[in-house]
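S.K.: Top line first, the protein sequences correspond to chains A and B.
Going by the numbering used here, the first sequence opens with residue 28, and the numbers climb by one from there.
Going by the numbering used here, the second sequence opens with residue 28, and the numbers climb by one from there.
Heads up, some of the hints might be wrong.
A pair counts as met if it fits within one copy or between any two copies, since identical chains are not told apart.
Said to hold, decoys possible - Below 30 Å or equal to it, Euclidean Cα-Cα: the simulated DSS-like pairs (lysine-lysine) are:
| no. | residue 1 | residue 2 |
| --- | --- | --- |
| 1 | K354 | K335 |
| 2 | K354 | K255 |
| 3 | K279 | K335 |
| 4 | K153 | K181 |
| 5 | K101 | K242 |
Please keep in mind that the hints were generated in silico from the structure rather than gathered at the bench.
2 protein chains.
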Amino acid sequence: MNSNQNKQRTDVNSLGEFGLIDHLTRNFALNNVSSIKGVGDDAAVLKVGEEVILISTDMLVEGIHFDMAYTPLKHLGYKSIVVNVSDIYAMNGVPTQVTVSIAISNRYSVEALDEFYAGILLACEKYNVDLIGGDTTSSPKGMSISVTAIGRAKPNQVVYRTGAKVGDIICVSGYLGAAYLGLQILEREKQIYLENPEIQPDLDNASYLIESILKPEAAKDSIEYFHKHNLVPTSMIDVSDGLASELFHIAKQSRVGLYIEETKLPIHQETQLKAISFNIDPLTCALHGGEDYELLFTVDPKDLEKVKYMPDVYIIGDIVEENEGLKIHTSGGNIKDLVAQGWQHFKKD
Amino acid sequence: MNSNQNKQRTDVNSLGEFGLIDHLTRNFALNNVSSIKGVGDDAAVLKVGEEVILISTDMLVEGIHFDMAYTPLKHLGYKSIVVNVSDIYAMNGVPTQVTVSIAISNRYSVEALDEFYAGILLACEKYNVDLIGGDTTSSPKGMSISVTAIGRAKPNQVVYRTGAKVGDIICVSGYLGAAYLGLQILEREKQIYLENPEIQPDLDNASYLIESILKPEAAKDSIEYFHKHNLVPTSMIDVSDGLASELFHIAKQSRVGLYIEETKLPIHQETQLKAISFNIDPLTCALHGGEDYELLFTVDPKDLEKVKYMPDVYIIGDIVEENEGLKIHTSGGNIKDLVAQGWQHFKKD
Numbered sequence: 028m029n030s031n032q033n034k035q036r037t038d039v040n041s042l043g044e045f046g047l048i049d050h051l052t053r054n055f056a057l058n059n060v061s062s063i064k065g066v067g068d069d070a071a072v073l074k075v076g077e078e079v080i081l082i083s084t085d086m087l088v089e090g091i092h093f094d095m096a097y098t099p100l101k102h103l104g105y106k107s108i109v110v111n112v113s114d115i116y117a118m119n120g121v122p123t124q125v126t127v128s129i130a131i132s133n134r135y136s137v138e139a140l141d142e143f144y145a146g147i148l149l150a151c152e153k154y155n156v157d158l159i160g161g162d163t164t165s166s167p168k169g170m171s172i173s174v175t176a177i178g179r180a181k182p183n184q185v186v187y188r189t190g191a192k193v194g195d196i197i198c199v200s201g202y203l204g205a206a207y208l209g210l211q212i213l214e215r216e217k218q219i220y221l222e223n224p225e226i227q228p229d230l231d232n233a234s235y236l237i238e239s240i241l242k243p244e245a246a247k248d249s250i251e252y253f254h255k256h257n258l259v260p261t262s263m264i265d266v267s268d269g270l271a272s273e274l275f276h277i278a279k280q281s282r283v284g285l286y287i288e289e290t291k292l293p294i295h296q297e298t299q300l301k302a303i304s305f306n307i308d309p310l311t312c313a314l315h316g317g318e319d320y321e322l323l324f325t326v327d328p329k330d331l332e333k334v335k336y337m338p339d340v341y342i343i344g345d346i347v348e349e350n351e352g353l354k355i356h357t358s359g360g361n362i363k364d365l366v367a368q369g370w371q372h373f374k375k376d
Numbered sequence: 028m029n030s031n032q033n034k035q036r037t038d039v040n041s042l043g044e045f046g047l048i049d050h051l052t053r054n055f056a057l058n059n060v061s062s063i064k065g066v067g068d069d070a071a072v073l074k075v076g077e078e079v080i081l082i083s084t085d086m087l088v089e090g091i092h093f094d095m096a097y098t099p100l101k102h103l104g105y106k107s108i109v110v111n112v113s114d115i116y117a118m119n120g121v122p123t124q125v126t127v128s129i130a131i132s133n134r135y136s137v138e139a140l141d142e143f144y145a146g147i148l149l150a151c152e153k154y155n156v157d158l159i160g161g162d163t164t165s166s167p168k169g170m171s172i173s174v175t176a177i178g179r180a181k182p183n184q185v186v187y188r189t190g191a192k193v194g195d196i197i198c199v200s201g202y203l204g205a206a207y208l209g210l211q212i213l214e215r216e217k218q219i220y221l222e223n224p225e226i227q228p229d230l231d232n233a234s235y236l237i238e239s240i241l242k243p244e245a246a247k248d249s250i251e252y253f254h255k256h257n258l259v260p261t262s263m264i265d266v267s268d269g270l271a272s273e274l275f276h277i278a279k280q281s282r283v284g285l286y287i288e289e290t291k292l293p294i295h296q297e298t299q300l301k302a303i304s305f306n307i308d309p310l311t312c313a314l315h316g317g318e319d320y321e322l323l324f325t326v327d328p329k330d331l332e333k334v335k336y337m338p339d340v341y342i343i344g345d346i347v348e349e350n351e352g353l354k355i356h357t358s359g360g361n362i363k364d365l366v367a368q369g370w371q372h373f374k375k376d
């Protein structure tokens with residue numbers, strides 16, 4: 028028997044989420060010729076014959092990613108598919124299949140799982156993906172969900188985080204910050220639940236903000252527009268950790284700098300108003316809120332006309348030289364350094 | 028707000044594991060032409076151009092599938108890859124990539140995760156698979172692991188559970204029952220740990236039985252033999268829930284009956300001896316133990332010669348007409364109905 032004493036103990040939170048992934052996967056190489064891209068983008072890229080398939084996987088854990096006090100299971104099922112489908116879109120691919128694995132405690136009944144799978148079915152229908160497998164197991168406590176999405180792409184149209192070039196235009200596919208505010212509302216609603224656990228939130232009349240957090244949609248229309256108009260972004264990522272965090276990924280992996288215009292950031296009027304009533308700067312919601320599942324992408328200036336005709340697209344800035352760093356031009360006319368709170372995802376608040 | 032009262036509540040354990048999966052996936056159809064086979068075999072089968080890819084996924088949960096009291100993290104990492112690779116082999120495929128997602132509580136240090144990933148790396152090297160992605164997230168309690176394996180197969184060589192024909196020979200790729208007994212030993216060892224939590228099990232000199240549960244191997248050699256000798260089994264499944272359970276899958280999905288010979292079941296001498304010392308019938312270990320990760324497969328009688336020259340293969344019975352049911356010929360000369368405890372996997376003991 029070995030003694031466990033005197034061993035070094037480094038807290039996982041000390042590395043940050045992305046630092047931890049880098050650390051854990053540093054010794055792994057890609058040895059199979061079919062492995063084109065592994066860890067480090069929205070999805071892995073595999074070559075199969077003349078085709079390319081995309082693989083993305085996400086884990087959702089009760090108490091970390093969702094709170095049963097205000098998350099209807101049908102919405103949870105729907106969202107667990109959407110967040111993975113979104114990663115396939117972020118590679119400019121078309122999702123085709125998903126696997127869903129769940130671990131559940133005996134607190135969950137068959138009827139509860141039926142609700143969860145009804146949400147999965149809805150999302151599968153909406154995004155044209157087939158449920159092809161999974162695993163169902165018990166858990167000592169709570170619920171964990173692991174979804175893997177599989178997609179297809181034309182080999183010459185896969186878009187990585189690495190391709191942004193100086194002079195490219197930075198675009199976002201829709202409004203930012205709503206999901207974060209929706210979450211703040213639900214956290215407040217939770218108090219009602221805690222006072223009477225028999226009452227579950229009724230979200231049939233959910234506002235735009237609450238729907239943004241509980242039942243987000245992936246940017247299917249944007250990808251269809253790209254394919255229809257033969258527009259291939261130079262880089263792309265989906266906004267899951269917050270716009271600022273995703274901008275850092277693009278800048279770091281493309282080795283470029285960038286600036287964005289505060290006044291160009293797409294913030295819905297409801298988000299603006301609710302943010303103010305919560306005493307939060309709407310800009311903070313848009314930059315650091317996360318879970319928007321819009322696409323952040325860059326295009327070559329020659330494609331500007333194509334982008335302009337895209338519905339719901341917002342041009343928010345430009346790619347510049349790496350040594351210029353990441354800046355935000357404020358509405359007041361100042362230039363500030365961009366900071367990325369999402370990079371400390373694993374750390375405690 | 029809706030009241031939750033008066034709603035029907037069906038315990039998930041009442042359906043059994045396979046019944047639950049059937050129930051939850053009953054409304055899902057395969058709509059994409061690339062989806063050849065979805066839920067219901069060891070792996071899903073996708074058509075990509077002229078090629079076939081296989082996708083399998085498994086979830087391992089602390090306190091359900093492994094106990095940290097006696098599971099070294101390196102072994103756990105290794106095993107989490109092996110159990111998925113085994114599913115790809117069970118389709119007669121070659122594994123090529125894996126994704127690994129983990130949810131961990133702050134009880135786990137970076138050094139602990141390093142151990143876990145060292146085991147994953149070892150398995151990736153042994154089975155020639157690339158780690159191409161995953162997710163790393165926190166968990167309120169314990170550790171959950173979700174692995175998805177991706178493999179390749181020649182389109183005309185994929186082997187399903189559905190292809191066994193009357194007259195086929197039933198084979199197993201190696202010894203059965205060792206993992207189950209290894210687990211019994213470890214459960215006993217756990218008492219030592221509980222009395223002194225500073226002491227971790229030292230398994231460097233682990234016996235065959237303990238290695239079978241903590242560091243199983245998938246039947247890579249068998250698949251290589253099949254491919255080298257152009258031998259395509261008529262049906263195949265890996266032995267994860269116990270031989271009897273897997274025989275029921277083959278029989279049900281191929282719509283056949285079968286019998287096996289008790290005297291032909293491959294039980295290692297160490298398993299025999301330890302079973303007796305534990306007052307357990309060795310036959311029970313072999314039939315219902317589970318986690319052996321050997322391959323159970325059927326071959327056409329014309330391939331008997333090829334099978335005979337296969338190393339470590341055991342011919343254990345024959346496929347018969349469906350109406351003859353599933354029988355075991357005992358060493359005493361009796362014929363008994365086979366029962367499958369694995370089918371009640373989700374139920375409590």
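S.K.: If a hint holds in the structure, say so; if it doesn't, say that too.
M.R.: So, going through the hints one by one against the coordinates:
{"no.": "1", "hint": "K354 / K335", "result": "within (24 Å within a copy, 71 Å between copies)"}
{"no.": "2", "hint": "K354 / K255", "result": "neither (33 Å within a copy, 59 Å between copies)"}
{"no.": "3", "hint": "K279 / K335", "result": "within (27 Å within a copy, 58 Å between copies)"}
{"no.": "4", "hint": "K153 / K181", "result": "within (22 Å within a copy, 32 Å between copies)"}
{"no.": "5", "hint": "K101 / K242", "result": "within (9 Å within a copy, 38 Å between copies)"}
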